[in-house]
Amino acid sequence: MFDDIGNLMHGFAVVLQPQNILLMVVGIVLGVIVGVLPGLGGANGVAILLPLTFSMSPTSAIIMLSCIYWGALFGGAITSILFNIPGEPWSVATTFDGYPMAQQGKAGEALTAAFTSSFVGALFAVIMITLVAPLVASFALRFGPAEIFSVYFLAFCSFVGLSKEPPFKTVASMMIGFALGAVGLDQMTGQLRLTFGSETLIGGFDFLIAVIGLFGIGEILLTMEEGLSFRGKSAKIDLKVVIKTWKELPKYWMLSLRSCLIGCWMGISPAGATPASFMSYGIAKRISKRGNNFGKGEIEGVIAPETAAHAAGTAALLPMLSLGVPGSPTAAVLLGGLLIWGLQPGPLLFVEQTEFVWGLIASMYMGNLVGLIVVLTCVPLFAAILRIPFSVIAPIILVLCAIGAYTVHNNTFDVVMMLVFGVVGYFMKKANYPLAPMVLAIVLGDKAEVSLRQALLGSQGNLGVFFSNALVSTVMTLALIALFWPIIQNGLGRLRGKGAAAPAQ
Amino acid sequence: MSVTSRILSFGAAAVVGAAFAIAPAAAWEPTHPVEIIVPAGTGGGADQMARTMQGIITKHNLSKQPVVVINKSGGAGGEGFLDVKNSKGNDHKLIITLSNLFTTPMATGIPFSWKDMTPVAMMALDEFILWTNAEKPYKTVKDYVDAIKAAPDNTFKMGGTGSKQEDQIITVALQKATGKKMIYIPQAGGGAVAVQLVGNHVDSTVNNPIEAVAHWRAGKLNPLCVFDSKKLDYSEKISGDKSWADIPTCKSAGLDVEYVMLRGYFMPPGVSKDAVAYYIDMFKKVRETPEWKKLMSDGAFNTTFMVGDEYAKWVANAEKVHEDLMKEAGFLAAKSN
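From first to last, the protein sequence lines are chains C and E.
Take the first sequence: its position 227, counted from the start at 1, is 235 in this note's numbering, and no numbers get skipped.
Take the second sequence: its position 83, counted from the start at 1, is 773 in this note's numbering, and no numbers get skipped.
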């Protein structure tokens, strides 16, 4: 333990060399740019920039690479809030309240809250990694197919019923998402599904294409219809907004702590950041006194998903280092970088490469701090983008969306698909069908299905496998409670109502 | 390009172009970035190899143009192969293959074959090892096979990557050799497969060496035998006093199953002979770097290098082997037309 702290201090000493601090800032700025361009996303960005680092020493290289990673994570929130276009799956939940806030001229507040929450979430997770790394790695090993499915199930259940739209519309939207998610190769049987002989459909529908279309293009169509307001939104360009928002944030410490815990837990289990952000948002909405305001521009609705997503994203680096299984596509590319320097991720990395590991952990602390400072000073700049008239910004967004959609697979058909999703998104919004359940189902539906079938294959069809040990039973029970919570709450309310009414009679 | 490498590339071109009596002396060089397509997800064996090569090429300045790695994993890699098949004459595109070059068209009916592409070079052959969890009492293949034989069908679980691909082909061959059915549980990637075994969620895997070596070194997994005709070459101590070379072949241990996987490059159809020669030359230089040698020994690869007709002949034979194996296992797609 004390050795570890000594190692960490040594790590800080390495990280704090002037040259490395410079690399950090460069990495963060590049990362933010990568994160802002929709569709380019963290994974592609890190992959493109990876060769830049080959000429450096491994420690400097990993500092720069991980800073690109943090920068991309921070950057993802910017487009979600300003333009309703989430660049990464875990930014989807941030749009629910972040975009309405920007619409109301509170972009600065939303961005500050998002960045600060990201920082808090990541910091919490890094501290956890520092203190309990070995314990945590063995916990991750307990997740077999049944356990993984139970976590996805919990994410879906905590989401159903929180929507203000009629439950049937939520379910319908989710089912369309499942159907779209099923297109392509079925991992369990190796057969193609729902491709109708088309060669372009064998890859299935990529989440990013769907999201860029549904949210980005759909939003532009809606705005055009709403009377083509050619004026920009008013947005104060003032650093004071950061200070003002910070004064408010400590109020939400309970929410932050809960989101951190959800995030760390989901990050260590292989489910990752996306379910963490949705689950945290769903639970915050249930518990918050202002729950009814969620979706209309509530700051709590930005804090909850951002904190959880970043706690999860950071915590997910631990299984990557100790087990060699990357938690996200971006982490996978980062893993590729490690291999080039001859660092083999695995249980022994912590023992054999202490200098590297603690250097990386130290750079997580410093990278996040530097990242926070860089992005916060740019808040007024980002918020000012909204002042640009819609007639100017809309074509730019359209072009960026098209480039983003193309870069996902270097495929022109994806651009067409994006436009189709845009029209679908427009009509769904007109008909009051919520988009979020559909997106959630596209992202997680396939994975949930695979782990369900793996679990049932292993148990030879026996459903008891989902209640076969304490871990999986607990998660499944929580999920069922979350699913039927409105009914349970109603029932409790009635009991209480009766109890209160009885003495009066 | 130096004089020596010019001569090298001339030599290589002469090997490839058996049909071409004279290889043109003018050296071809890429004029814009070169794409390496990986027909599999990020983090897998093919992806690791492609990205390591990208790193080596950049670090040692082996190409004036940047090399870009692009994953096209849709449809068990069919997406990537179709892209290359449809990029006729594109001298700036390469694809790194794994066994899905054969298994994907056979199992799914996606229309492509290696004959639609231009073979460039075999970089290495990847080995397969039978792994069990070190906590389990199986010390030898015989212990494990006896345990399988003593239990009823569908007692033992085998984890593997994908469905109707190499891991499941080996599993079917194992079933035939032991006479007992196993439950095959497909995962998305080799790293996840190894972790499922460490967590005791499956009983065995046939992971490639590089996917499981970290867990072996940590004493979590135990290699029982290697599915090759001869033992591995690497005698450096990996785990305790054991090296790759100490692992017996499955055949010598009484389990008559052999399988190795191609890690090689192809290009689109109709590319110029000069471009092929250029890449062969570049790959030869990659093979000389310390980083490449490290990758080979980390992953206990079989380092056979082949180009030209020899390579094409090897691939044609491998296709035949896969067709027989897939047919026997009942994995061939129903012919719809």
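Calculated from the structure, these hints are not laboratory results.
Watch out, some of these pointers could steer you wrong.
Example chain C residues on the side facing chain E (calculated, C-beta under 10 Å, incomplete) [unchecked claim]: (1) Leu58; (2) Ser63; (3) Arg150; (4) Ile184; (5) Ala187; (6) Ala190; (7) Gly192; (8) Met196; (9) Thr197; (10) Leu343; (11) Pro353; (12) Asn418; (13) Gly466.
All C-beta atoms, glycine included, are put in the ideal place defined by N, C-alpha and C.
- Could you tell me which of the hints above the structure violates, numbers in ascending order? Hints 4, 5, 6 contradicted; others consistent.
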